[in-house]
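Chemist: Quick note, the sequences are listed as chains A and B, same order. Take 1 as the starting number for the first sequence in the numbering used here and just add one per residue. Take 1 as the starting number for the second sequence in the numbering used here and just add one per residue.
Honestly, the hints are just simulated from the structure, not real lab data. Small disclaimer: the values here were computed from a predicted structure and weren't measured. You may find that some hints are simply not true.
Per the computed footprint, the stretches of chain A lying under chain B, defined by three or more beta-carbons under 8 Å from a beta-carbon of chain B, are [claimed, not checked]:
no. : region
1   : 36-45
2   : 104-111
Derived SDA-like pairs: lysine to any residue, alpha-carbon spacing no greater than 20 Å straight-line [unchecked claim]:
no. : chain 1 : residue 1 : chain 2 : residue 2
3   : B       : K100      : A       : G72
4   : A       : K11       : B       : K100
5   : A       : K44       : B       : F39
6   : B       : K100      : A       : N51
7   : A       : K44       : B       : I102
8   : B       : K42       : A       : P110
9   : A       : K44       : B       : K42
Derived DEER-like restraints, expressed as beta-carbon distance ranges [said to hold, decoys possible]:
no. : chain 1 : residue 1 : chain 2 : residue 2 : range
10  : B       : M78       : A       : Q80       : 44 to 50 Å
11  : B       : G16       : A       : R16       : 51 to 57 Å
12  : B       : K5        : A       : E85       : 21 to 27 Å
13  : A       : S18       : B       : G17       : 44 to 50 Å
14  : A       : P81       : B       : K68       : 45 to 51 Å
15  : A       : S66       : B       : V54       : 37 to 43 Å
16  : A       : E68       : B       : G16       : 37 to 43 Å
17  : A       : S66       : B       : P40       : 27 to 33 Å
Glycine included, each C-beta is placed from N, C-alpha and C at the ideal position.
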Amino acid sequence: EAGVAQSPRYKIIEKRQSVAFWCNPISGHATLYWYQQILGQGPKLLIQFQNNGVVDDSQLPKDRFSAERLKGVDSTLKIQPAKLEDSAVYLCASSLGGFSGRSYEQYFGPGTRLTVT
Amino acid sequence: QQQVKQSPQSLIVQKGGISIINCAYENTAFDYFPWYQQFPGKGPALLIAIRPDVSEKKEGRFTISFNKSAKQFSLHIMDSQPGDSATYFCAASMPGGYNKLIFGAGTRLAVHP
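Using the sequences provided together with the hints, build the complete structure.
Modeler: Written as structure tokens, this is what we have:
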């Protein structure tokens, strides 16, 4: 089966500009996650969708970050305006969702490396 | 209480040796503990996972040991190979079906030939 797809793979922008990332999860996966991974750290969850509804966005800086998952499949994450500290890899992951068995397993895409100058 | 503490930060092992990475947690409500492997420029890949009702799980050269009373779990890589050189992350999640993962800070493993 195809994995999680993300684009672009790399992006360089100046501070105060806007940027958008796209994610296509594994087919049939109801749950989609966006993580931020700063160099040398573990991934940190930004937002989690179950189908097209948000179930956790407690760590999303909502004054500048937004995300949507229309039709419960693809998702976009936007930053506007970007700050220097937003430089990181943005990872998308998906899982079956649910309460048992392999539904817990999260599969990650290759990520988008964002550099804010 | 939501933290997962991972050690060591970096590890150098000779080919054929055993690599051991440790993690500790505080929240006893965590019910799923996966390990992820990440190569440079790639996303994390699920390696092996365990639930707190078992003390050990083995898949090939990879073993998770779980100590519920100590709130600790560890990854053992037997017969370590240069191809195992990567960053390893432990994680933990809460029950409830939404599987929000809390990641450790990572361990950079280098296996020397």
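Chemist: Confirm or reject each hint.
Modeler: Now for the hints, and whether the structure bears them out:
| no. | hint | result |
| --- | --- | --- |
| 1 | 36-45 | holds (count 6) |
| 2 | 104-111 | holds (count 8) |
| 3 | K100(B) with G72(A) | 18 Å, holds |
| 4 | K11(A) with K100(B) | 27 Å, violated |
| 5 | K44(A) with F39(B) | 18 Å, holds |
| 6 | K100(B) with N51(A) | 15 Å, holds |
| 7 | K44(A) with I102(B) | 7 Å, holds |
| 8 | K42(B) with P110(A) | 5 Å, holds |
| 9 | K44(A) with K42(B) | 16 Å, holds |
| 10 | M78(B) with Q80(A): 44 to 50 Å | 48 Å, holds |
| 11 | G16(B) with R16(A): 51 to 57 Å | 52 Å, holds |
| 12 | K5(B) with E85(A): 21 to 27 Å | 23 Å, holds |
| 13 | S18(A) with G17(B): 44 to 50 Å | 48 Å, holds |
| 14 | P81(A) with K68(B): 45 to 51 Å | 46 Å, holds |
| 15 | S66(A) with V54(B): 37 to 43 Å | 41 Å, holds |
| 16 | E68(A) with G16(B): 37 to 43 Å | 50 Å, violated |
| 17 | S66(A) with P40(B): 27 to 33 Å | 29 Å, holds |
Of the numbered hints listed earlier, those contradicted by the structure are 4, 16.
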